[in-house]
Each structure stands twice: as C-alpha cells, then as structure tokens.
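Q: Those sequence lines, one after another, are chains S and H. Add 129 to a position in the first sequence, counting from 1, and you land on the number used in the numbering used here. Add 129 to a position in the second sequence, counting from 1, and you land on the number used in the numbering used here.
Hints are not guaranteed to be accurate.
It does not matter which identical chain is meant; a pair holds if it fits inside one copy or across any two.
[Unchecked claim] Derived lysine-lysine pairs resembling DSBU-like cross-links, with alpha carbons at most 35 Å apart:
1. Lys303 with Lys469
2. Lys533 with Lys303
3. Lys469 with Lys202
4. Lys533 with Lys291
5. Lys219 with Lys500
6. Lys141 with Lys533
7. Lys500 with Lys202
8. Lys474 with Lys291
9. Lys533 with Lys469
10. Lys163 with Lys291
11. Lys349 with Lys469
12. Lys163 with Lys349
13. Lys163 with Lys533
14. Lys402 with Lys533
It should be emphasised that the hints constitute simulated quantities derived from the structure, not laboratory data.
There are 2 protein chains.
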Amino acid sequence: MITISGGITAPKGFKTAGIHCGVKDNFTTPQPDKLDLAMVLSEVPCTAAGTYTRNVVKADPVILSMQYLADGKAQGIIADSGNANACAPKGMENAIRMANAAAAATGLQPQDFAVCSTGIIGVELNIDAIEKGIPTLVSQLASDAASSDNAAHAIMTTDLKKKEIAVRTEIGGKTVTVGGIAKGSGMIHPNMGTMLCFVTTDCAIDGALLQSMLKEVVNKTFNRVTVDGDTSTNDTCIVLANGLAENPVITGPGADYDAFFEALRAVCEYEAKMIAGDGEGASHLLTCTVQGAATEEKAEFMAKAVVRSPLVKCAIYGADANWGRVLCAIGYSGAEFDPKAVEVKFRSQAGELLVCTGGQGVVFDENMATKVLSEEEVEVLVTLTEGQASCSCWGCDLTYDYVKINGDYRS
Amino acid sequence: MITISGGITAPKGFKTAGIHCGVKDNFTTPQPDKLDLAMVLSEVPCTAAGTYTRNVVKADPVILSMQYLADGKAQGIIADSGNANACAPKGMENAIRMANAAAAATGLQPQDFAVCSTGIIGVELNIDAIEKGIPTLVSQLASDAASSDNAAHAIMTTDLKKKEIAVRTEIGGKTVTVGGIAKGSGMIHPNMGTMLCFVTTDCAIDGALLQSMLKEVVNKTFNRVTVDGDTSTNDTCIVLANGLAENPVITGPGADYDAFFEALRAVCEYEAKMIAGDGEGASHLLTCTVQGAATEEKAEFMAKAVVRSPLVKCAIYGADANWGRVLCAIGYSGAEFDPKAVEVKFRSQAGELLVCTGGQGVVFDENMATKVLSEEEVEVLVTLTEGQASCSCWGCDLTYDYVKINGDYRS
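Produce the complete structure using the sequences and hints provided.
A: Encoded structure:
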C-alpha cells in the first residue's frame, strides 16, 4: 500500500467540486472568499456505507442521509459548510431541497445523494444560495487533484488544515485506490464529533460487508479521537465504492478483505489524526498509547481518558511534564488496574522521557521534558504489566485559542 | 433554618486553626504568605462520616483516612494544601507521620484524625515542615470566627474565594449548628473533584445514619458539580458530629432526620456552588436546571452534560446565547428524549430569555441575551414535557485563565 496524491478523485470514476455559494455569508462577518458547497459524484452507481452521530439530537440532513442510504446504494454527496441545518427551522424541508437540487442538476434521483451539513446550529439554512449554487457546482465537477482540493476546503469550518489523502493497493490482481477528505475541529469526540469524512474508492465490495467494515474502522479511528468531549449533531462518514477497479467483488473474509480493510483503515486513521491535530485552537497533536493491558477495550478506555482530560491537555499546551494528571485520568477512566504497576513516558521526535514507574514519579531532566513536549506531535505512553493489548487514541492540547474560537463562534 | 457566621467553629465544641508551615514553599515561586496547614478538632470524640474519591488512583492520605474512619469515629482533621501526597514517594509513610504528629501534639490517637492533602501530584511531601508546624498549629487552635477563616484559607490551592458557611436549625427542641469549609478549583467533577469539604456539627446522630445521609447529600450536591471533568485522586468530604447540642440522638427517619438533612444539604449545596463558581479561571457560575423530566436521574444526566460541555462553557464565557450547544449536549448525555419537545431558556438576575421551543430556535433580542449572560450567575433552563422530575447541576465557564492556570500549574 502506498500513499498517493489526488484525494477523493484518485480512485477511478469520481468527480468532485467545491465552490462558494453564500452559506458562509450569513455570519456577522461574511466570508465571501471561503468555499462552502461541495459535491462528490461517481460516474456509476456505488455501494454506499455510512456511520452517523449517536447524538439523540440528529440534524435533519443526517436523518435524511440515513434514509437515502438505507438501501446501501448512492452515487454522490452534496454538502455545505457554515450551517449545520440542525435544530433549525425548515430543517428537513431544506435538506430535501438540497438533495432535490443535486438530483436535478445531475439527472439522478434525490435518493442517490447523501446530504451533509456542518456549521452553526439552530439557524435556518440559506437554501436559496445552495439551490442557486448547485448548477455552478455541477458544471465544475472534475476528476483532477485541484477539484479534490476544492472539495476538501469547501467542507471546512474552523479547520485550519485541509484533510485529504489517497492510498493505493493491489486487490485480486487489480489496482484499488481509496481517497478521503474530512473536516473536524470543534465538537470532536468518540461516537463521531462534528466531523465529516467522505471516502471514495473504486474497489468492488459487497454492500453489507462494506457497512460492517466501515463500522469497525470508524471504531478504531474516528471514535478514538477527542477534541473537547462534545459529540456533534451532524457527524457523518460516508464511503462510496463504485467497483471500477474491477477486482473480484469482495464478499467475505480473506486476503482481499484484509487488503481493503487496511487501505480503508489507513485513510480513516490519517483523517482521524489530522482532525485531532487540527482541533480548535490546537498547537499539538496528542497521542496516548496504553500498552500491556489485559484487553484492547481497557486500553482504549484509559487512552481516551488521557487525551480527553482538560488538565492533561493544558499541561501539553504548557509543555509541562505533569504525569500526575495522566495517572489521575487513567484512574477515573472506568478501567480497573493496579496503580502501583504503571509506567509513564512522554515521547516525541525530540526523544523519550521516563517520568513515572511503579506508579510513582522518577527524577527527570526538566529541560529534556520541555524539549520533548515542545514538538508538534507528542505521545503519552502508558505501560501496564497485565497483558499484551494496546490502543492509541488521539486528541490535542487545550489552548487560549480554543476558548477564543468558541467564546464567540456565532459571530 | 438560618445562615450564621462562624464557619466550622459555629457548632459547639469545635476549635480550628490554619498556619503557613512551608508546604507551599516547594514551588518554583515559594508562597510564604499562603496558609498551608489546617487542623479541625472537637473537644469530645465525634461520630464521623466520610465520602472519598472513586478514582482508582487514590492518594495515600485518602486510603489512610478511610481506614482511620472505618469505625465511624474521629475527633479531628489534619490537612495540608500545596501537595496532594498522591503518587508520591513515601506517600503512606508521610500520611501516617502527619496523623502521628497531630496525635502527639493533641494527646489523641492517630486513628482519631482524618488526614487530607491537596495540591500537586507526584512530588514528595515536605513532611518535616508539617511535623515542625503542627505544634504551632495546635497552639493556635481556637473557636472564634477568625480561626475558621484561617482554616478555610489554609486548605485553598488555586481557589480565589474562601468557601465557608454555617447554618442553625432546631432539632428536638435544641439548637443545632452545622458549619463547613471547602476547597475546590481544578479537577472538579461528579464523584468528587479535587475538593475537600470539612463539616462540623454539634448534632447528636447515629454513625451509620450519618454515613448514609452524607452519601445521599454528596450525591445531590458535590456530585452535581463539574469544573473540568477531571476526578481527582484526593477528594474527601468529612463530617464530624460531636453531639454537644444535646438533641435526642437521631436514629432513623422523622422530623429530626429531615431537619438535620436539610441543614447538611444546605451547607454542602452552598459549598458545591461556591466550588463551581470558583472553578479555575471561572468568571461565571453556570447552573443548568432540567425540569419536566420523567426521572430525576435523567434530568441529572442532561443537566450534567450541559454544565460539562466545553463548548457551552466557552459560550457562557463569551456571553453567547448559543443554545444549539445546549441541545447538542443533552443529546449526547445518554438520556433518551424527544428533541422536538425541548424548550431552552437562559436566565439570570438581568432577566429570562426564551431561545428555543419545540426543539427549534426562536428569534430573540441579542442585546437582551448579552445582558442576561453577562451576569456572574447564569442559568440554563431546559424544560421537557414528559414528567415532573427536575435536577440542577453546577459548573463554570471555560476561560483563558483556566488554560493559563493549568498550562503551568507545577511552577
């Protein structure tokens, strides 16, 4: 498996585009230079799978997409950024109008589209701007890398970095490509934060299998990311698989299944880490790995508690080797363990530092600690002595800018 | 029941003192003007009850106090601030030395004391300073209001406000007084944050009954507070009841039980709200009340999710009426409810503002919203239509100062 350029247009038979239509003009400070409408379209009908927020309060486009994709089939995605169309007047009506407009402009059926929205909650969607923009959007659909770049930008809200990747592998003697774009930032937490992720692939795979595989992959990637513990109303991860790679259709376990699983996992893990590192206001990507645990589930509980802890997050921001907060976080994670058998290290490109062994602090070089923790990517490594299972979870530090961004998001 | 002055020395037969012994000198910036050692002592043996952190990683003084108070008896409390003696070298040894020194200076047994510590984790306690300070501390024990004030200050870490109260009521024809001091600030979350609360009372009450009552009261007060979702290694709430009010011993349900319950609840609720409003960096006390719920448990789930949400907390800091984040938070709280039957109001001394009804936003006056949300105490009122149960939980906003304080707590 290799990483290649091209994003979601790297797989055969996909076109995409991203434009500014005006959704982002409804802020106090309009953003006419920001893209806010994206479409992804396959040349042929696709096997489609989706995972959605588990929030009881689901945005209407999420409910609609769940309905439209219930048959495991789709051909495209229409998405806006700037307005989540959640708890908003005319929410379902406007979500349907988005799908209808996408269908009218492409000659497809509304049910062929997933509809996604991200942005402010509770404000009526500027559906007129979207309906007006969709024909332009469709006219710009193309399969070049620049189009994927535009689409990746058009789904961003407070994201600072584009989140795009493609990987290529061989399955059944054929070249299979998987591409992805994503957006994240605030309200990121296990069970899907305000994150959108659109994955395209030319792999041929059975629909039910793709759905179950996606669920497993999302559990091991996006659901191991937390920015602030808030789970959004709009989270959605959609995979469109059009089969144009002409590999033998994957219908069950085996080498082909494993190869595609790895490619899908690689795309989703990349996007998950990008989302974590680009959390609102973040200056560090924080990874916590728990190893030597009795079960992966327990390791995940503990790792998630660490990357979620506001006190750990503040310490990472301050490059402060405050391992006591790590012990505290694993202690309230819900996992049972022997506090006297815990080792903690901090590590990054600058090196590795042992700070706690046998559940107690060890003397360490504070200058070295500052050096290790000042790197952009920092890992907390917790080692237990009870088994072989391990798990990594991802988050970011908690900074002044997080507070600034979220102290007045609406304006 | 009336509120009176005097704090923990208001009930009959209690003395207290707070001094600077040197625990806080171990910071990069020593704090010689800050009190860091407190003792509470009853003239006679007390019925004692305690609730403790549920963190798997318990500080050694917590473990020791649980042992010493297991018989439901105690006569005093010895506490330091500045060092939590958690995950620290010689943790248990030093906790025992604290109890021994307190016993030696008072002529009591070590088992007569609860031992409490709060502050930095993982650093060896300066037990020499404490042992040297205890005789001075004991020499200053007094039953005046100034001593309670000193003790209240001597258990503070990053707290800005002293948390002290006393209430007086009549039980069985006798005047019964309940006093309390507390400290809170960071790592505050249901299941006890780094909070200490010491309650004194001259009420006569059965030990097992006091323990079960305390548990219920803590569940309805401290466990409804969250500052940052972190549950500390050291949380402790201790009640000493010396019976000097000479009321008929409370041994079961009835009017006397109810009267004392209300007094204890009032003290703990006051301290809980003080802890929430004085959360690290906080500029607002945030209350969320959920009413019209089917069960109190469900209302508590929802209210807790709101006061815990970093996005809601940032919005309150920014005086931003972002009710969408309130809906989002109750949506992921774990409670099932009908999103279309939710009403949300913001209210404070400046007025009340309806922002959401039937699960959707209503047009409101942004100037009025800013006015309501700029008050120091702000309430989010969520009304459901499914029943009669309600619950309030308390928290605070998330500010630049929280990040500042916790980005470099150790120095």
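Q: I want to check one pair: Lys303 and Lys469. Are their C-alpha atoms no more than 35 Å apart within a copy, between two copies, both, or neither?
A: neither (52 Å within a copy, 50 Å between copies)
Q: How would you label the pair Lys141, Lys533 (within, between, both, or neither) given a Cα cut-off of 35 Å?
A: neither (42 Å within a copy, 50 Å between copies)
Q: Is the C-alpha distance from Lys533 to Lys469 at most 35 Å within one copy, between copies, in both cases, or in neither?
A: between (40 Å within a copy, 31 Å between copies)
Q: Is it within, between, both, or neither for Lys533 and Lys291, if the alpha carbons may be no more than 35 Å apart?
A: Both ways: Lys533 and Lys291 sit 21 Å apart in one copy and 29 Å across, limit 35 Å.
Q: Go through the copies and call it for Lys163 and Lys533: within, between, both or neither, with a Cα cutoff of 35 Å.
A: both (20 Å within a copy, 32 Å between copies)
Q: Classify it for me, Lys469 with Lys202: is the Cα-Cα distance of at most 35 Å met within a copy, between copies, both or neither?
A: between (53 Å within a copy, 30 Å between copies)
Q: Regarding Lys474 and Lys291, is the shortest C-alpha distance of 35 Å or less found within a copy, between copies, in both, or in neither?
A: Within one copy, since 31 Å is at most 35 Å while 37 Å is not.
Q: If the cut is 35 Å between Cα atoms, do Lys349 and Lys469 qualify within a copy, between copies, both or neither?
A: Answer is both: 29 Å inside a copy and 33 Å across each meet the 35 Å cutoff.
Q: If the cut is 35 Å between Cα atoms, do Lys500 and Lys202 qualify within a copy, between copies, both or neither?
A: neither (51 Å within a copy, 50 Å between copies)
Q: Quick one: Lys219 to Lys500, C-alpha cut-off 35 Å, is that within a copy, between copies, both, or neither?
A: between (53 Å within a copy, 29 Å between copies)
Q: My question is about Lys533 and Lys303: at a cut-off of 35 Å on alpha-carbon distance, are they close within one copy, between copies, both, or neither?
A: Result: close neither inside a copy nor across copies, 49 Å intra and 54 Å inter.
Q: Measure nothing new, just compare the shortest in-copy and cross-copy C-alpha distances for Lys402 and Lys533 to 35 Å and report within, between, both or neither.
A: This pair counts as both: shortest intra-copy Cα distance 23 Å, inter-copy 26 Å.
Taken one by one, the earlier hints fail for this structure at numbers 1, 2, 6 and 7, listed in ascending order.
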